[in-house]
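*Asks:* Now for the letters of each chain:
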Amino acid sequence: MGRFLRDGSLKEKSLRDRNLRDTSLRKGLKRALKISLSLAAALGMALAPATAQASDGTSYVYDGYTYDYYGNAKESPAMFRLERTITAADAGGIAMSGVDDVCTSEDGRIFAIDTAESRMNVFGPDGGFLYSTKLVRTQDNKIALAEDGSQIMLTAPEGIFIHEKNREIYIADTGNQRIVVLDLDNYGLVRIIGEPEELAGVTQFKPSKLAVDFADRIYVVVQSSYEGILELTKDGAFSGYYGVNTPRVSLADYFWKSLASDQQKEKMTKTYAPSFNNITLDGEGFVMAVTYDLSAEDMVFRLNSKGKNVLREEGNTLVKGDIWSMNSDDPGSQFVDIAVTDYGTYALLDKNKGRIFLYNFDGELLNAFGAMGNLKGEFKNPTSLAWLGDKLVISDTMLGCIYILAPTAFGQAVLEGNESYYFGRWDEALGSFRKALDLNANYEAAYSGIGKNYLMKDEYETAMYYFKMGNNRTFYSKAYNGYRALWMEDHFLIIMLLFVLLVAAVVGSEIRYHKQSKEKQKAAMKRLNSRRGRAVE
Amino acid sequence: MKEAVREKLSYLKQSLFHPFDAFYEIRFRGRGSVVLAALLLALFGILQCVSYQYTGFVINENEVESMNSLSIFLTWVLGLLLFIVSNWSVTTLLNGKGGMGDILKVVSYSLVPFICALLFQVVVSNFIILEEAMIVYVVTGIGTVWTLFMLLAGLCVIHEYGFGKNLIAIVLTFVAAAIIMFLGILIFTLIEQMVFFVISVGQEFFRRL
Chain S
1 MGRFLRDGSL
11 KEKSLRDRNL
21 RDTSLRKGLK
31 RALKISLSLA
41 AALGMALAPA
51 TAQASDGTSY
61 VYDGYTYDYY
71 GNAKESPAMF
81 RLERTITAAD
91 AGGIAMSGVD
101 DVCTSEDGRI
111 FAIDTAESRM
121 NVFGPDGGFL
131 YSTKLVRTQD
141 NKIALAEDGS
151 QIMLTAPEGI
161 FIHEKNREIY
171 IADTGNQRIV
181 VLDLDNYGLV
191 RIIGEPEELA
201 GVTQFKPSKL
211 AVDFADRIYV
221 VVQSSYEGIL
231 ELTKDGAFSG
241 YYGVNTPRVS
251 LADYFWKSLA
261 SDQQKEKMTK
271 TYAPSFNNIT
281 LDGEGFVMAV
291 TYDLSAEDMV
301 FRLNSKGKNV
311 LREEGNTLVK
321 GDIWSMNSDD
331 PGSQFVDIAV
341 TDYGTYALLD
351 KNKGRIFLYN
361 FDGELLNAFG
371 AMGNLKGEFK
381 NPTSLAWLGD
391 KLVISDTMLG
401 CIYILAPTAF
411 GQAVLEGNES
421 YYFGRWDEAL
431 GSFRKALDLN
441 ANYEAAYSGI
451 GKNYLMKDEY
461 ETAMYYFKMG
471 NNRTFYSKAY
481 NGYRALWMED
491 HFLIIMLLFV
501 LLVAAVVGSE
511 IRYHKQSKEK
521 QKAAMKRLNS
531 RRGRAVE
Chain G
1 MKEAVREKLS
11 YLKQSLFHPF
21 DAFYEIRFRG
31 RGSVVLAALL
41 LALFGILQCV
51 SYQYTGFVIN
61 ENEVESMNSL
71 SIFLTWVLGL
81 LLFIVSNWSV
91 TTLLNGKGGM
101 GDILKVVSYS
111 LVPFICALLF
121 QVVVSNFIIL
131 EEAMIVYVVT
141 GIGTVWTLFM
151 LLAGLCVIHE
161 YGFGKNLIAI
171 VLTFVAAAII
181 MFLGILIFTL
191 IEQMVFFVIS
201 VGQEFFRRL
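Line by line, the protein sequences give chains S and G.
Position one of the first sequence corresponds to residue 1 (the numbering used here), numbered consecutively onward.
Position one of the second sequence corresponds to residue 1 (the numbering used here), numbered consecutively onward.
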């Protein structure tokens, strides 16, 4: 019990932390007022003291929440803070009117696609401008020409993907209905993939988002295509449609459809399979996709080689972002992009409320944060996100900027914990989750994480305690199974004795009953005989 | 006194295994007890609270931290009382022979299997893992079916209904319950408005004094 008490103080400690934070915030406010940098700043402070920025520049717009087992939103400290904003001013004098897709390379470069200006802009990991292109050049920096002699210009490109294996950049040149492949190092043209000749179906070849897997297969998302993801071979030949996105069927629709005649059915609006809207690859080479089509049943997909959704949803909630909506015309979370780390933790970008949802490999919600608004770090029309190591890169097309978010101490602890757990480094994971709990005692995912690590070490009782705190019934049951087996071994003698006693009692009562009934029978016979004897006399 | 209690309990036991005979005796020969029925009803309400909180963690999906035992107790007990009242109001119109007390006895007596199942659930669920939860669910299921059977049988007997008419009466009972609830809410809102009116008149009066 002593162990438990010590952990019970966790909660107190985090409360104290929160108080500290509050007082420091208040102190900051006081200082700001005292110095009174400007009237406007003081006014802004007074109007929105909790969510605005403190005088030291710390932003609280990323304070987030998670859901507990019962679906209550639980406040959580921020996992990320705004580290840097890349805007048009950083683009080296090149017009930048929006950012519609971002992608990062392993060496830390950030690639941004600007649809309106038909440009690909490249920034360094520190946000410095590196390169920008609209007119594609060859490897030796000459102007590249297509087969018909025209210059190769990007026209309203929508997507970009970095293929580290071949050191290539794939750009979905949507306006020209082709995919442009550039070299990752010198940005020179490698090849152009046009519309495949044998393209089947009704989907127009207008590549919007794309991904290339380890076997160089190219997956292309065409917006509003109901046939699935286009799969191309290495050379750009059509190989098939991939992935199923099932529409949600309402009971009322089903009922009316079943009544309708064939002629009526023809006139009814057809339910098409919802389209995929964005795509990426996870560390194991699985295709992960998202959709914001309202008629879709699933919002997030992890597609296996057959195109079936094998996303793990073992958390408190389904992987659908916000689980409650405030009113009936709130469509819920609408994911425009997904980014996955090597250890399966993925971030989803919700364009409806400007939120970022972080889920781990098991589908547990790690944090949800971000908002639409005018404060620094908030969004207007978020379009894309990508991981840059532990940092998140998020683009907003209306603001025309890229945010780089760095993890806070809490975020670092959570991400490290999940990474260590994913790779089976139990002790490290335990340390990270403890750190996360120190900063946020409401964090069920961390309680579960600690419990899982104790379970792996066969410390059942401790594991049970943490699973109970983390409201994780499945794993609690696993831990209890071990605990019960041990208990039975320890108390085998008593259990056996009780069992023997029980059997003895049952057998004894049976014998007694038998004897009694026999005696009764004897007595009855005697009576009968005596009566008969009397009758004979 | 002791004899009388024993007799009542023996009919309770009989109603479990021979509901038709037992409820006949209870209805037409006065072998039942309203006090015992009320006690069972209260026990049922209390057990609902107990099971809400003390059912083993593995299968207990209730939010124990924010539990309100009074509301659980009242929900169950008042719900059953509402059923009794509306069943009585329907069956009086449909030539039912049972009085309010008889319906109370039938309802409460038939809760006994469910009460036993609840007890079983509370005790056993603390010692099971998720794979064995089926045992508890099966027992609770049996308890529920048993309770429903006793209820149907008992209502048939006390009202002298056939099975079909009994079912119709039960469906109408739910309609009647809905109407009663509607009227109840209506009365509450009207009274609330009236009280508010009186209070505001009073306030006005004293402020101008």
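Don't take every hint at face value.
[What the hints assert, rightly or not] With a Cα cut of at most 20 Å, we get these calculated EDC-like pairs of lysine to aspartate or glutamate:
| no. | chain 1 | residue 1 | chain 2 | residue 2 |
| --- | --- | --- | --- | --- |
| 1 | S | K234 | S | E164 |
| 2 | S | K134 | S | E198 |
| 3 | S | K468 | G | E63 |
| 4 | S | K351 | S | E168 |
| 5 | S | K308 | S | E227 |
| 6 | S | K468 | G | E7 |
| 7 | S | K234 | S | E198 |
| 8 | S | K435 | S | E198 |
| 9 | S | K74 | G | E65 |
| 10 | S | K320 | S | E164 |
| 11 | S | K468 | S | E314 |
| 12 | S | K468 | G | E65 |
| 13 | G | K13 | G | E3 |
| 14 | S | K74 | G | E160 |
| 15 | S | K353 | S | D63 |
| 16 | S | K74 | G | E61 |
| 17 | S | K306 | S | E284 |
| 18 | S | K468 | G | E131 |
| 19 | S | K468 | G | E132 |
| 20 | S | K165 | S | D185 |
FYI, nobody ran anything at the bench for these hints, they're computed from the structure.
*Asks:* Hint by hint, note whether the structure agrees.
*Replies:* Evaluated hints:
1. S:K234 <-> S:E164: holds (15 Å)
2. S:K134 <-> S:E198: violated (29 Å)
3. S:K468 <-> G:E63: holds (12 Å)
4. S:K351 <-> S:E168: violated (29 Å)
5. S:K308 <-> S:E227: holds (14 Å)
6. S:K468 <-> G:E7: Since the Cα atoms of S:K468 and G:E7 sit roughly 47 Å apart, the hinted pair is violated (cutoff 20 Å).
7. S:K234 <-> S:E198: It holds: about 15 Å lies between the C-alpha atoms, which stays within 20 Å.
8. S:K435 <-> S:E198: Roughly 56 Å between the alpha carbons, so the hint for S:K435 and S:E198 is violated.
9. S:K74 <-> G:E65: holds (14 Å)
10. S:K320 <-> S:E164: Status violated; Cα separation ~30 Å.
11. S:K468 <-> S:E314: Roughly 16 Å separates the two Cα atoms, so the pair holds.
12. S:K468 <-> G:E65: Holds: S:K468 and G:E65 sit about 13 Å apart, inside 20 Å.
13. G:K13 <-> G:E3: With a Cα-Cα distance of about 15 Å, the restraint between G:K13 and G:E3 holds, given a limit of 20 Å.
14. S:K74 <-> G:E160: violated (56 Å)
15. S:K353 <-> S:D63: Judged against 20 Å, a Cα distance of about 14 Å means the pair holds.
16. S:K74 <-> G:E61: holds (18 Å)
17. S:K306 <-> S:E284: Measuring from Cα to Cα gives roughly 15 Å; hence the hint holds.
18. S:K468 <-> G:E131: holds (18 Å)
19. S:K468 <-> G:E132: holds (19 Å)
20. S:K165 <-> S:D185: Holds, at roughly 13 Å.
Figure legend: structure checked against the earlier numbered hints; hints not met, in rising order: 2, 4, 6, 8, 10, 14.
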